[in-house]
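Novice: Residues in the sequence shown are numbered consecutively from 1, following full-length UniProt numbering.
Since the hints were derived computationally from the structure, they do not count as laboratory data. Worth double-checking, as some hints may not be accurate.
Claimed, not checked - Pair by pair, the computed Cβ-Cβ distance ranges are:
(1) T509 <-> K113: 33 to 43 Å
(2) P147 <-> S242: 25 to 35 Å
(3) A256 <-> S160: 25 to 35 Å
(4) E560 <-> V54: 31 to 41 Å
All C-beta atoms, glycine included, are put in the ideal place defined by N, C-alpha and C.
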Amino acid sequence: MATLNADKETNTRHCFYQMGSLFTVCVFCACFYWLGASSKSAASQRTGGPRNIVEGTVFINGTAPIGTADHDFICATLDWWPPDKCDYGTCSWGKASFLNLDLTNPILLNAIKAFSPLKIRMGGTLQDKVTYERLGEPCPTFVKSSPEMFGFSQGCLPMSRWDELNNFFKQAGAVVLFGLNALSGRTTAADGSAVGAWNSSDAEFLMRYSVNKGYNIHGWELGNEVSGSGVGTKVAADQYASDINNLQMIVQTIYAGFEVKPLVLAPGGFFDANWFTQFINKTPRSLQVVTHHIYNLGPGFDDHLIDKILNPSYLDGGSQPFRSLQGILKTSGTPAVAWVGEAGGAYNSGHNLVTNAFVFSFWYLDQLGMASSYDTKTFCRQTLIGGNYGLLNTGTFVPNPDYYSALLWHRLMGRNVLSTTFSGTNNIRAYAHCAKASKGITLLLINLDGNTTVKVHVSTENVTSNGTLGTQQQNQTKFSGMSRGSNIDVSTREEYHLTALNGDLHSQTVLLNGNILSVNSSGSVPPLEPIETSQSDPITVAPFSIVFAHIANSTVPACEYVD
Numbered sequence: 001m002a003t004l005n006a007d008k009e010t011n012t013r014h015c016f017y018q019m020g021s022l023f024t025v026c027v028f029c030a031c032f033y034w035l036g037a038s039s040k041s042a043a044s045q046r047t048g049g050p051r052n053i054v055e056g057t058v059f060i061n062g063t064a065p066i067g068t069a070d071h072d073f074i075c076a077t078l079d080w081w082p083p084d085k086c087d088y089g090t091c092s093w094g095k096a097s098f099l100n101l102d103l104t105n106p107i108l109l110n111a112i113k114a115f116s117p118l119k120i121r122m123g124g125t126l127q128d129k130v131t132y133e134r135l136g137e138p139c140p141t142f143v144k145s146s147p148e149m150f151g152f153s154q155g156c157l158p159m160s161r162w163d164e165l166n167n168f169f170k171q172a173g174a175v176v177l178f179g180l181n182a183l184s185g186r187t188t189a190a191d192g193s194a195v196g197a198w199n200s201s202d203a204e205f206l207m208r209y210s211v212n213k214g215y216n217i218h219g220w221e222l223g224n225e226v227s228g229s230g231v232g233t234k235v236a237a238d239q240y241a242s243d244i245n246n247l248q249m250i251v252q253t254i255y256a257g258f259e260v261k262p263l264v265l266a267p268g269g270f271f272d273a274n275w276f277t278q279f280i281n282k283t284p285r286s287l288q289v290v291t292h293h294i295y296n297l298g299p300g301f302d303d304h305l306i307d308k309i310l311n312p313s314y315l316d317g318g319s320q321p322f323r324s325l326q327g328i329l330k331t332s333g334t335p336a337v338a339w340v341g342e343a344g345g346a347y348n349s350g351h352n353l354v355t356n357a358f359v360f361s362f363w364y365l366d367q368l369g370m371a372s373s374y375d376t377k378t379f380c381r382q383t384l385i386g387g388n389y390g391l392l393n394t395g396t397f398v399p400n401p402d403y404y405s406a407l408l409w410h411r412l413m414g415r416n417v418l419s420t421t422f423s424g425t426n427n428i429r430a431y432a433h434c435a436k437a438s439k440g441i442t443l444l445l446i447n448l449d450g451n452t453t454v455k456v457h458v459s460t461e462n463v464t465s466n467g468t469l470g471t472q473q474q475n476q477t478k479f480s481g482m483s484r485g486s487n488i489d490v491s492t493r494e495e496y497h498l499t500a501l502n503g504d505l506h507s508q509t510v511l512l513n514g515n516i517l518s519v520n521s522s523g524s525v526p527p528l529e530p531i532e533t534s535q536s537d538p539i540t541v542a543p544f545s546i547v548f549a550h551i552a553n554s555t556v557p558a559c560e561y562v563d
């Protein structure tokens, strides 16, 4: 009996041992599979790929616009930085300063011409250290100097270069804005602030020179990031307001015979509610445009920039300065309007393969949609070329993905902004405007999810003829007689799908409807052609993709008149 029991115990232990070994192997395999799946999931979150399909609905209220943008809402900047401007050990500016930019490059000319027109804001940090060349006086170049504010010595704009720039801009059809030195004549106080009145003599010289040459300057902006707490130094709101009143009088005097006079813009700094309120209240008749800067992603060296860009909650937080400034302008009663004068997302020249790659179109287009929703009239991207956040590659001038995003916005999104909400997933960003140069609506959809395809249904709300609220489900109802072109079937919809090459968010190559966008051998920008889809189908937004959809036959009161 003892032997039998012992044998049974041995067999039982052996059985348990085998079962335990099998369990261990299973656990090991499960862990290995989980790690592999997690790895693939993490990779897909950076490269994109179809995993899930969900449905959602975008609701567009077409009763009345919630904002009105300029017809040339898209703007880009040119900066002063010399080639030896470096950040975090990287020198990303090359010859992109408007002092040394190659104005003969055909890609540059064609890239600007494609907008017809593109606003270009000339300015940046070093503008407050610049003089304008006068006959017989020295005209020094910027020299790197660590002890000096902003790390460079004083610089100068040669009038020969000013002539070249204006001739180029005329050829390109650009709308020119120029940033004036706001620190001229001031002294530095013990706390580092700039005190005293602005010395306007240099600005007056440049304006008179420009008038005599017949140069068309759309606006003169005073200062760069010396408002509020300032960068490097700051100017008090009361003094800044006094200087703007002075600038307005100078513009009125010099351009006295002109039917259309240049705009006066300021302060070109980071939004500070108290400072901006004081400043706006003291410039009720002398300021046409209030400009502020956006770098809400933090420093360019941040390794978590993409995480911020793909986070809907983080993007939502970007609405605060737009909302606050809109409120201040309404309360003050000023006729001045809000512009974003400079927006590079990540300061100190951006981050290579992030702020100049496909992923940055998510942030950029979301900012355009958000800004216009709060009645911002113009949005200037830092930069047209230069740094790691240019619309064009600093070395080759080849357009980066954001260039095409900007061009599609410019051509498709009209002036009237429509209230838009999305239901179904938090990872879809949705914005709608009346269509540009056409009847109907243009809808922008951004999918921040790398694993989910979203089927989007469109619903519009508007006031009907009897005064009641009506709803139209766009993918179920046919309408008549409205289209971008006479040959477009009213039962179809035009769509523009933007994706990264190989689904790689870091890619600097973008595909439109599956085709690579690139300039040709003569430097011309490629045509941006839509695909036509059935109006009865939902809009399919692939993982990590952007879609512009022109719904030509959508009838809403806010879009009754063609922009």
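Novice: Indicate, hint by hint, whether the structure satisfies it.
Specialist: Each hint, compared with the structure:
1. T509 <-> K113: 33 to 43 Å: Violated, at about 22 Å.
2. P147 <-> S242: 25 to 35 Å: Roughly 31 Å apart at Cβ, these two residues keep to the hinted range, so it holds.
3. A256 <-> S160: 25 to 35 Å: Given a distance of about 28 Å, which is inside 25 to 35 Å, the answer is holds.
4. E560 <-> V54: 31 to 41 Å: Cβ of E560 to Cβ of V54: about 34 Å, so the range 31 to 41 Å holds.
Comparing the model with each earlier hint shows a violation of hint 1 alone; every other hint is respected.
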